[in-house]
Each structure stands twice: as structure tokens, then as C-alpha cells.
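**Q** Quick note, the sequences are listed as chains Z and A, same order. For any residue, its number in the working numbering is found by taking its place in the first sequence, counting from 1, and adding 824. For any residue, its number in the working numbering is found by taking its place in the second sequence, counting from 1, and adding 824.
Note that these hints are calculated values from the structure, not bench results. Hints should not be assumed to be uniformly reliable.
In this list, chains with the same sequence are indistinguishable; a pair is considered to hold if it fits within one copy or across any two.
[Stated by the list, open to error] Here are the simulated lysine-lysine pairs, DSBU-like style, with alpha carbons at most 30 Å apart:
id : residue 1 : residue 2
1  : Lys915    : Lys1019
2  : Lys915    : Lys949
3  : Lys1044   : Lys1019
4  : Lys928    : Lys1019
Okay, here's what each chain looks like letter by letter:
Protein chains: 2
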Amino acid sequence: MSSGTNKRELAKMQADGDGPAVILIHPQMGENIGACARAMLNCGLTDLRLVSPRDGWPNEKAVSASAGATLVLDRVRVFDSTEAAIADLHKVFSTAARVRDLVKPVVTPREAANEMRGHWSAGRKVGLMFGPERTGLVNDDITLSDTLISVPLNPGFSSLNLGQAVLLIAYEWWMTGVEVEDRYLHTGQSEPATKAELQNLFDHLEGELEQSGFYTHPDKRPSMIRNVRNTLQRCGMTEQEVRTFHGVIAALTGRKKQRKVEG
Amino acid sequence: MSSGTNKRELAKMQADGDGPAVILIHPQMGENIGACARAMLNCGLTDLRLVSPRDGWPNEKAVSASAGATLVLDRVRVFDSTEAAIADLHKVFSTAARVRDLVKPVVTPREAANEMRGHWSAGRKVGLMFGPERTGLVNDDITLSDTLISVPLNPGFSSLNLGQAVLLIAYEWWMTGVEVEDRYLHTGQSEPATKAELQNLFDHLEGELEQSGFYTHPDKRPSMIRNVRNTLQRCGMTEQEVRTFHGVIAALTGRKKQRKVEG
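Between the sequences and the hints, there should be enough to build the whole structure, so can you do that?
**A** In C-alpha cells:
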């Protein structure tokens, strides 16, 4: 899928350094580790830590599932304990399928992303902790985290796999750094038409409509003109499209050869 | 991963009916169709339309990859053309990897979600169109859509697979309907302590500290008390935790047997 390539984003990512660490506790399938690495790099994260991965490390299945996220896989660190894996971090956010008898603040991925960005901006290191597939985090690991993340999906069908959960939360982190001014009208090779070029097109069209007897009721003429102009205005035409429409009008009126096309 | 079960969300989903349709143009792998169905249902979407799926329909691999999203798969409709698949829709949003020489508004998933919610609230039917794996949408299909969606990921590594792209955009749609007031402190089986219970704990602690000679400099006593209280205050203790801490203090001072634990 497409991405707005953007120097600001690249600069931001470099300024961020690693971004939050992702800590996978006892991950089972290499495919899932690879999918996590891919989702992380999609969102500019590169610090992946594994606590006692079931099938050891390195893992060939992780490589093939990562879609080329070697920048992440090459830097993976493996730990024997959750405590060791998070020792250098200041704040840890965890996803937890079930929480019993533990008092923790619970936030959405979007709220977590905003909090993480705040910590990060203040120079604190943050981490995102995910439990093993199927079972999720045990209470001892949840106790080590500051805040729980609950993804508020369809309550009747809320199960995400590990890679999808990492993607959604990493995506929210990434979005906290993306400026929304990226919105634009993609105009291909042509520049937007000037208002004069557009007016010239309207004049051409209305002149031809006049000659063709389109305006049968003189009192309705102004509103008819306004409606047609307003419709075409909304197209947001480029220079090239204005030229094309001059040609369309000329062709429709059979004057293509008699009348020089403007533009 | 966890989900905040929420009656408001359920009610919203029922009120929404189908939500936006998802239209997959020439999807190739059944696994990807299944992953799309799963991501859709995670986010409350149920209207999946396929245009000329490569391996026909139904597809066993789609079923096994859907993680039980049969509510979506059972209602899939198959079409021969993009035009037929979108005929009943008012607005179509498309993801497009490459756009050449086509003038279209381009928005982020979050902006698209807000626009879709607006259309939906006004009673207009909207759709999300995705092209085939690898090649993406052809220009003829892009031309049929109103707006392009560009996911502003890491410009150096922006490729998403089909299921991930559907998940991110469907997630943004879902989030436009989730109220953020869901934020809460999960307190398990116990209720938050009252301020009186907390004050009782402070009194207990400070009395013991007094007796132990903790406050060697009388002038610093008030600020020392304030600091300890402030630290414990931030725990947001439950009734049960207050009782536990009375026990902790009693144990530390060796008075467990002499002093009845409050609470």
C-alpha cells in the first residue's frame, strides 16, 4: 500500500532513535516474531527484545515472515527474564488479555501512544510488552508494567494475532509523530489550473450553450450558469484537464476544426 | 489481546448496520481474504465484496485464515466487475500504491475514517477498495473511486500486506465510533480506598516512624511526611491494598501480634 514519502518523517525517525522497545515474552512461532519485526519497521521502531523465545534465536521462519525487516531482526536481543529485558526502561506498557486482581491504569492504543510520546520527548525510555500467543502475559509480568493497553475492538470478536496487535499499537505511536498537513491533492504531472484558465473554459462553454439555444428561459439563465459552473468548479481541474475540456466542447459542437482550442 | 467489552459499542455497531463495504479487486490468496474478513469483524465491518477472486469462491484457505469470522465470510458477494461491486455505494475510498497522472484527493486513514463516518451519518453508503496483492489497483479502478487513502508509514519500509492494510483502515473507522471515556483504572475485585482509609494508613505509618526515631530533624519533619504521603498517594490504593500495607507496617515493626490491624 502507498506511503507519503516525506523528509520530515525521515528526519523525525532519525531524531527518535529507536523509539519504544518492543518486548515479546516467550514468543512461540517464528512467523509471529517476523510479523512483529515487519510491523515495527513499518512504524519506525527497531528495538526488538525477546524473552526466552520457544524455538531459540535466530529463527529462519522469522526472517521469511519479516518481509525484509532485517534492520530489526539483526539487532534483536534475547533475555532470560522479563526483569532483565526491561531493566533500562522507564515506563512499560503491556497488552493483557485478562487482568485479575491487579490494579493498573488501562488505556487505549491511542492514549498509550500519546503517553509514550510524552515520556519519549522527556528523554525517558519506554517499552511495549506482549505476552505469548494464546496465553498472554502472566500476572508477574503484568505487575512489572506501569500501564495496560486495551484495544477497544468489536467486543464480540476482539482477538488479534501478535503481529496485528504490534501493528496497531506501533501505528498509533507513529501517528503521534506524523503531521496532518500531508493532506494534498495529487495532481500527477500537471499543475492546478488558474482561475483565469477556468473562467476561459466557462466562457467557452457558455458561449456555445448560448448559440445552441440551451437557455430557453432568460430569467433562469443566471441560475443555470451558476449550477454548471459550480459543478465544474468542484472538479478542481488541472491545466491539462482544462485543455481537454476545451477539446470536449469543441468536439461536441462540431467546431473542432473551425475554432482554435485555447490553453 | 484484550478488548473493553462495552454495551455502547455493541449498540453502535447494531445502529451502524454493515458499516462501510470492503471491496477486494482480483484478490489472489485465500489466506489474505480470510485475514481481511478477520480484520473487518474486529472492527465491526461485515460487508465483504470480491471482484473476480483468482481462486473462485468459496475458498477453504480463507475460512481457516479468518479465525472464525464466519459472520463476514458467509455474506460475501462475488462480482464480475468493479462497477457492479460498487454500484449501490455513494462514496468509494481506495488505497493505491502508485498514482500516475490521475487527479484525486489523498487522505490518511484517520482522515478517511472521519470522512466515511460523516457520509455514513448522513445516510450515504461508503466503500473501501483494495487492489490485488503485489500489483495494486489499476488506473481504471482508481478512476472509479472518489478519494485515495495513503497510509503515512515509515517511508523507507511502508509495504503492508492486504490484511494489515484492511486492519489499519477498518481500525480507524471503528475508532471514530469509540468514545474515549472508556479510560479507567482496573481495580479487580476491590474498590478504591476512601480518603479516610488512606489517612488512617498514613497515621499508622507516621506513628511508627515517630517511635522509631525516623524524624531526627524536627524542622524537616513536615516535608518528610509530605513526601512519603505523596508517594503513597500516587499508588491509588484499593481497600484491600490499604489493609495489606497496614500489615506490612506492623510486620516491619514487629508489632504484628500486639497491634490490631485496622481496615
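**Q** Could you check the structure against the hints above and give me the numbers of any it violates, in ascending order?
**A** Of the numbered hints given earlier, the structure breaks none, since each of them holds.
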